[in-house]
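Top line first, the protein sequences correspond to chains A and B. If you use the working numbering, the first sequence closes out at 270, no skipped numbers anywhere. If you use the working numbering, the second sequence closes out at 226, no skipped numbers anywhere.
Rather than coming from a laboratory, the hints here were simulated on the basis of the structure. Note that the coordinates shown come from a computational prediction; the quantities given were computed from them, not determined experimentally. Glycine is no exception: its CB is placed at the ideal position from the N, C-alpha and C atoms. Be aware that a few hints might be false.
Stretch by stretch, here's where chain B covers chain A in the computed footprint (C-beta under 8 Å, at least three residues) [stated by the list, open to error]:
| hint | segment |
| --- | --- |
| 1 | 8-14 |
| 2 | 85-91 |
| 3 | 129-135 |
| 4 | 160-173 |
| 5 | 193-206 |
| 6 | 209-220 |
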Amino acid sequence: MTTLSNHVPDPRLITAFAERRDGPLHRVNPWTKVGIVGALVLAVTVFDHVVLLAGLYGVVLAAYGLAGLPYRRLAGWYTLPLLFIVSVAGPLAFLEPGTPIGGALSTPVGELSVTWSGLVLLCELSFRSLTVVTFTLAASMTTKYTAVAYMLGRLLPRPIDQVALLTYRFTFVMVETLEDLVKAVLTRGANLSEFWSNRRLYARILGMTMLSAIEQSERLVKSMEARGYDGDITLYGDVSRPPLRELLVVVGSYAVVVGYAAVSVTGVGL
Amino acid sequence: MAHIHLGEGSFPLWALVLWTLIGAGLISAIVYRIRNGGIKTRQIALAGIGAAASFAVFQLNIPVWGGIHMNLTGLVGILAGPLLGGLIALVVNIFSAALGHGAVGLLGANTLVNATEAIIAYYAFKALMGMDWDVFPASASAATLGLSAGAVLMGAIIVISGVNGSALPRGDLTIAVAGLVGLNLGVAVIEGILTGFVVQFLASVRPDLVGLTDQETREESTGVTA
Numbered sequence: 001m002t003t004l005s006n007h008v009p010d011p012r013l014i015t016a017f018a019e020r021r022d023g024p025l026h027r028v029n030p031w032t033k034v035g036i037v038g039a040l041v042l043a044v045t046v047f048d049h050v051v052l053l054a055g056l057y058g059v060v061l062a063a064y065g066l067a068g069l070p071y072r073r074l075a076g077w078y079t080l081p082l083l084f085i086v087s088v089a090g091p092l093a094f095l096e097p098g099t100p101i102g103g104a105l106s107t108p109v110g111e112l113s114v115t116w117s118g119l120v121l122l123c124e125l126s127f128r129s130l131t132v133v134t135f136t137l138a139a140s141m142t143t144k145y146t147a148v149a150y151m152l153g154r155l156l157p158r159p160i161d162q163v164a165l166l167t168y169r170f171t172f173v174m175v176e177t178l179e180d181l182v183k184a185v186l187t188r189g190a191n192l193s194e195f196w197s198n199r200r201l202y203a204r205i206l207g208m209t210m211l212s213a214i215e216q217s218e219r220l221v222k223s224m225e226a227r228g229y230d231g232d233i234t235l236y237g238d239v240s241r242p243p244l245r246e247l248l249v250v251v252g253s254y255a256v257v258v259g260y261a262a263v264s265v266t267g268v269g270l
Numbered sequence: 001m002a003h004i005h006l007g008e009g010s011f012p013l014w015a016l017v018l019w020t021l022i023g024a025g026l027i028s029a030i031v032y033r034i035r036n037g038g039i040k041t042r043q044i045a046l047a048g049i050g051a052a053a054s055f056a057v058f059q060l061n062i063p064v065w066g067g068i069h070m071n072l073t074g075l076v077g078i079l080a081g082p083l084l085g086g087l088i089a090l091v092v093n094i095f096s097a098a099l100g101h102g103a104v105g106l107l108g109a110n111t112l113v114n115a116t117e118a119i120i121a122y123y124a125f126k127a128l129m130g131m132d133w134d135v136f137p138a139s140a141s142a143a144t145l146g147l148s149a150g151a152v153l154m155g156a157i158i159v160i161s162g163v164n165g166s167a168l169p170r171g172d173l174t175i176a177v178a179g180l181v182g183l184n185l186g187v188a189v190i191e192g193i194l195t196g197f198v199v200q201f202l203a204s205v206r207p208d209l210v211g212l213t214d215q216e217t218r219e220e221s222t223g224v225t226a
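Isolated chain A, as found in the complex (with noise of 0.2 Å):
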């Protein structure tokens, strides 16, 4: 039976996660979220060892758990991320120059072969990948709604805050939606298990989908007129600026990454 899938993480649980829990990571300010993300984005960019990726990995995966997040939901929204990477890095493995691990098998196009190079590529991809989906997932696991709303409002350029703020509040809607038009159509007996045989079926769904958010819109645009609009959603939340110590803790991350950069270019072994 298809419903939606579990692989994709449920904006709603995430939100849910964040407004009706309270760990460590619920109280670390959300601006230092925001530098802790690109911190590590530039550190899995920067760093070229595979047990140095590992290492990193791990600290953000016990402060996930540090953070009382799911450990069961996390392994099932590392599929896509997992599918990617073997997608690209799988073949990689097996072309990357070096020793083969246990012989070369040989085929008519030539041998065959995962070799060390390929393997320690996969992992490090696999870890580079897992570090920031894992710290993403926390962060927006822990950062309530409308901190969310407003640091789209001042990060992005107008018109796009707009737009963004839109999406955001109308997700949550739009995923209901979807869900109340499958569960319609199983419940009259349809087989959605099968996409071609399902096609038209499949189209309606998403038809209607999209066809309630443009009505929705419409209707939107009514409402918001009639409130006087003028280019600018207000927002009524306030996200202060981080306290000294995060604020340390974010431009150290930066100061180690950046040193590791300068170290490795400079050709000083570690």
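Given chain A's structure and the hints, the job is docking chain B onto it.
Using the frame of chain A, we list chain B on its own:
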């Protein structure tokens, strides 16, 4: 919707900077055009909720090859137009990255790929409808064309950038990436056909959405029937 099928940190730093700058350039041009043309409330609302729908549709598992997910970027382009389509691509990528799908550092590259899909799908649909094609073949072909262009661009971006930590020559990397692009082209055909059916359905209930009748006319007639 094609994506850079590599996670965070897979590109070297120079490539990350390059694609971010190009992506930012494209979005800046779109924002400039929108601001110059005078943005209407209707456009903001359509883009916002259209992006929410595109993001929500991604939650649906389509049972092809073990399960695929789509954002219907081609459909978004056809319905919202090239400028709003580009903005929707950016916003969907931001929200996807926040949920661990698509990388934060690759926002520029992914937006470039998806905006290309939306823009090409829009202009191809307009051109084919101008040649008196029926709605289904025009929208299916336009979406397939847009998504295929996105898949090829995605492959090109990976080959140009190279993979962080890989000693593979560009020629061998091209072979490795070609398989991925081929798979994406297959998905593009499926998504294109699905888009065709969706546009055909929308044209049957709201022909004004795909430019078959004038929106003003529809609003007037709705007023009478309501």
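Now the hints, each set against the structure:
1. 8-14: That given contact holds, which follows from 5 residues of the segment 8-14 of chain A lying within Cβ reach (below 8 Å) of chain B.
2. 85-91: Since 5 is at least three, the answer is holds.
3. 129-135: holds (count 6)
4. 160-173: Result for this restraint: holds, n = 12.
5. 193-206: holds (count 10)
6. 209-220: holds (count 10)
This entry satisfies every hint, going by the numbered hints stated previously.
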